[in-house]
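Visitor: Two chains, two frames, some hints: make the complex.
Listed in order, the protein sequences are those of chains V and E.
Each residue of the first sequence is one higher than the last, beginning at 1 in the numbering used here.
Each residue of the second sequence is one higher than the last, beginning at 1 in the numbering used here.
Possibly wrong hints are sitting among the right ones.
[Unchecked claim] Derived BS3-like pairs (lysine-lysine); straight-line CA-CA distance at most 30 Å: (1) E:Lys223 - V:Lys88; (2) V:Lys212 - E:Lys223; (3) V:Lys212 - E:Lys13; (4) V:Lys210 - E:Lys227; (5) E:Lys223 - V:Lys210; (6) E:Lys65 - V:Lys210; (7) E:Lys13 - E:Lys143; (8) E:Lys143 - V:Lys82; (9) E:Lys2 - V:Lys88; (10) E:Lys190 - E:Lys223; (11) V:Lys212 - E:Lys143; (12) V:Lys210 - E:Lys238; (13) E:Lys2 - V:Lys212; (14) E:Lys143 - V:Lys210; (15) V:Lys210 - E:Lys190; (16) E:Lys2 - V:Lys95; (17) E:Lys65 - V:Lys212; (18) E:Lys227 - V:Lys88; (19) E:Lys97 - V:Lys82; (20) E:Lys227 - V:Lys95.
[Said to hold, decoys possible] FRET-style restraints, in silico, Cβ to Cβ: (21) E:Val122 - V:Leu33: 33 to 41 Å; (22) E:Tyr224 - V:Lys212: 27 to 35 Å; (23) E:Ile14 - V:Ala120: 53 to 61 Å; (24) E:Val67 - V:Phe53: 24 to 32 Å; (25) E:Gly80 - V:Met198: 35 to 43 Å; (26) E:Arg76 - V:Phe53: 34 to 42 Å; (27) V:Tyr290 - E:Ile242: 48 to 56 Å; (28) V:Tyr34 - E:Val122: 33 to 41 Å; (29) V:Pro87 - E:Arg76: 48 to 56 Å; (30) E:Tyr224 - V:Tyr290: 37 to 45 Å.
[To be verified] Pulled from the structure, derived: some chain V residues nowhere near chain E, Cβ distances all over 12 Å: (31) Glu108; (32) Ser144; (33) Lys160.
These aren't lab readings, by the way, just hints derived from the structure by calculation.
Idealized CB from N, CA, C, for every residue including glycine.
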Amino acid sequence: MANTKVTLCGIELDNPIIPASGTFGFGYEFAELYDINILGSLSFKGTTLNPRFGNPTPRIAECPSGMLNAVGLQNPGVDRVKSEELPKLRRVFHKPIMANVSGFSREEYVETVRRLDDEADIGWFEINISCPNVHGGGMSFGTSPESAEEITRAVREVTKKPIIIKLSPNVTDIAAIAKACEAGGADGVSLINTLMGMRIDLRRRAPIIKNKTGGYSGPAILPVAVRMVYQVYEAVKIPIVGMGGVATAEDVIELMLAGATAVEVGAENLVNPFACRDIIAQLPEVMAKYRINSLAEITGGAH
Amino acid sequence: MKDVRLKLISNRKIAENTYESRLVGDLSDITAAGQFVNIKLDGFYLRRPISVCDVVGDELTIIYKAVGRGTEMMARAEVGTEWLTLTGLGNGYDLSKSGERPLLIGGGAGVPPMYLLAKKLVALGKTPTVILGFNTKAEVFYKEEFEALGVKVIITTADGSEGICGFVTDAMDGVDYSYFYTCGPEPMLKAVYNKSTTSGSFSFEERMGCGFGACMGCSCETKYGNKRICRDGPVLVKEEIIW
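Just chain E, with the same shape it has in the complex (with noise of 0.2 Å):
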């Protein structure tokens, strides 16, 4: 873990509500796709945990949905504005369990860190299947991005109006995965756990106060004892869920 100074050099919106950051800095201690950033801001008094979707260099992208006052005051950052950032946070996804054939699985805000994942899953020699899920059409975002990287790309959305129509379950029948590495809201992840047919990676998400363990803000049960989603996860493994 660092803190770290990052300057945003790029800020766009990408989909309804969705902003996508570009910032330059020490990434060094980023070593995993799956971990996370924690954003301090002007005015908050605790930081923004934000996955992470791409790390080039000493560029980091993250995508976001603005939500509330913090997220929004980063949507509307300008170019320049420096962020003192706490990186290196969190596990991030083991690459050793992939097999050949992995299954990514993202949901709206939970499609970010599939990005750098399928990227590395690339990179290796694998040949990944990706489904990403969103409520509409106005909300999806990086379907170009990901087709780029040479992997097969799922859309399903909630009103079929891109894609599949139904949740990214509906589109798991078709695919033959030897393993899978989820992120997504809670019933989702849920839906998935119950669905899936191999082994898997969850990426889970909670509020947080510190994002690097010292408060136990995040803790959950688990079948191989209590965790901290920011620090022993925020990715768990099927065998170990409690729901």
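Bound-form chain V, shown alone (with noise of 0.2 Å):
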């Protein structure tokens, strides 16, 4: 009988999936497709501590093997979180929960963090460092250590939940960051977020999305992610969540493999609703296809 469970700062996970921040709302409305419990976790809507509307539309271009995107971080902003998105996912799932958390200022990650530290079910805090500091002529917190170790630093102070810094790719050096945000005490680093990229409407002679530029994910970029898993793997001690194209079972694996403790599951949930039921549905098959007894005993297998 194959064994998909996994340990996560802790916290043990009937298998390694959660669907990634920003392609699965806050959960309940996938739960009118399948029950979603079967998930190791989920990890919710980018939440910051104010309602945003995000970025003006289009905020979505179609790419080779995936599509850029700019929402820009909608969400009702955490007190709605807590008051109406919570209770309904609540309904629905019945596992810790990662919340995701996003900020324009390291004041604002921490209150954000601290109005839903008294939330029972949340399991851990992924902390998005991809957003740019408002104070910091706009340049994103996860593109230099100093800041990255800053915001976890910061954060750490407010819970003593799990925290994992979600990382950029857009950087010359992710290990480094990474080391960084080990030495801010963080428990974990997940990675990687979305490469920045644009496409031009050729009729139009412009940018398709709005905001000119977009993060680009899907099947295109596993390559990148299981590079820096790997790299990541071999800086820090703390665990690792991969993510970046996953949409099948060997994918999980092979992330795994390069480091990952746990996977995430983003932009494929978009072109099929049911890409992680359908994924963790695989895994068995593909583990015996491998010869893996034990999920939790590949991480980092390919070192």
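Guide: This is the structure:
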């Protein structure tokens, strides 16, 4: 019998599959399609202190084996997430939840985490540091080790729950940033966020996306994710949540061999709403094919 | 929403750059006119959202313009091709608002959803008037099909090559209507909004990621809060629209 259980920062998951933030809403709409309790966990829609409409449309552009998005962190704000979204999620999901938090200043991260911290079923915080720092000239917090460590330390002070820092791939040395997060007290890192890209409409001779640039996701970016997870695994001791272009159980195993303890599935949920269910169903057969008895044992197996 | 395999049973060009495809399969989740389906094509990552033109039993009719590589591939597809299709997407038009004399206004690629809507309204004993707007005569389609439903059809073309010369709004003056339903390019929708004298329903188009509400790619602001065109729309009512 294939054992799909893994342990992420001290919390056991039935399997390593976690829908990635921004591709699964707050879960309850997917619960109309299948029982989402089969998931390892889920990372909910990136939440900020205040409500955000996000960027103007168009926000989406298709690419070879993937897509660009520039949604711009549309969300109802932390207070409505607590009062409206989490109660709806709780009715259909009964496992520890990964709370994805974004911010545009250190203070915003801290206050958002502080307000969510009393929700008992939040198992982990996933801190998205790919947003621009409004007090730092618009540079993303995730692009320098110093600011990544600063955010990690600040959030560390307001929660005892595990903190997983979600890293941007749009950097020269992702391992250095992961080490900075570890030094700042992170319990884990997740990677990769989307790769910045652009597409141009030939008829209009202008970028398709109103925001001009968007984040590239989808199967095209899997090799970048595998490479970065591999590099980060060699640089840090804390667990890694791998993601980027995962569409099959084989992709899950590949990221785990590179160094991931758990794996998030993103864009694939948007083209196949049953993607996570299908991947979980495939796991035992694919594990058997590669003679894997326990998924927990293969993390970092390619090193 | 269901993800089903639909098999192509006919594919034909019905006007300039405009194609009609008929597909068979499980259509049980399509419940309203104005809904859409989202079609997965080999070699393309995202699906193609296409409005429902007609449903008879297990047979679906869609009409679309071949504007990019995806829709061009659909237009060339051979009978027997199967497309994995998400069905029953979007809210669709609310028939209960129509009153006795609804006005249906379709422009270009916004014409197809008006067909199933007209058919449903006729079945309810209403007497719809249909205004169909096109750029030019070569792009006109489905005039006879609408007339066969027993509804009054008014054609407008921007260049005057068929019907009334001008836009759909130029044809609205002479019509006595209780409510209106419209679908078409956004400038047309806005012109209809400004010209109309009753309440009405508008079907919007936007670039989508998923088509079922997960990605927030097609959000818009309304007087009733943020809405996703794909899931909370594509039909919005006049009172909530912010241009």
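Visitor: Of the numbered hints stated previously, which ones are contradicted by the structure, given in increasing order?
Guide: Violated hints: 3, 8, 11, 13, 14, 19, 30; rest satisfied.
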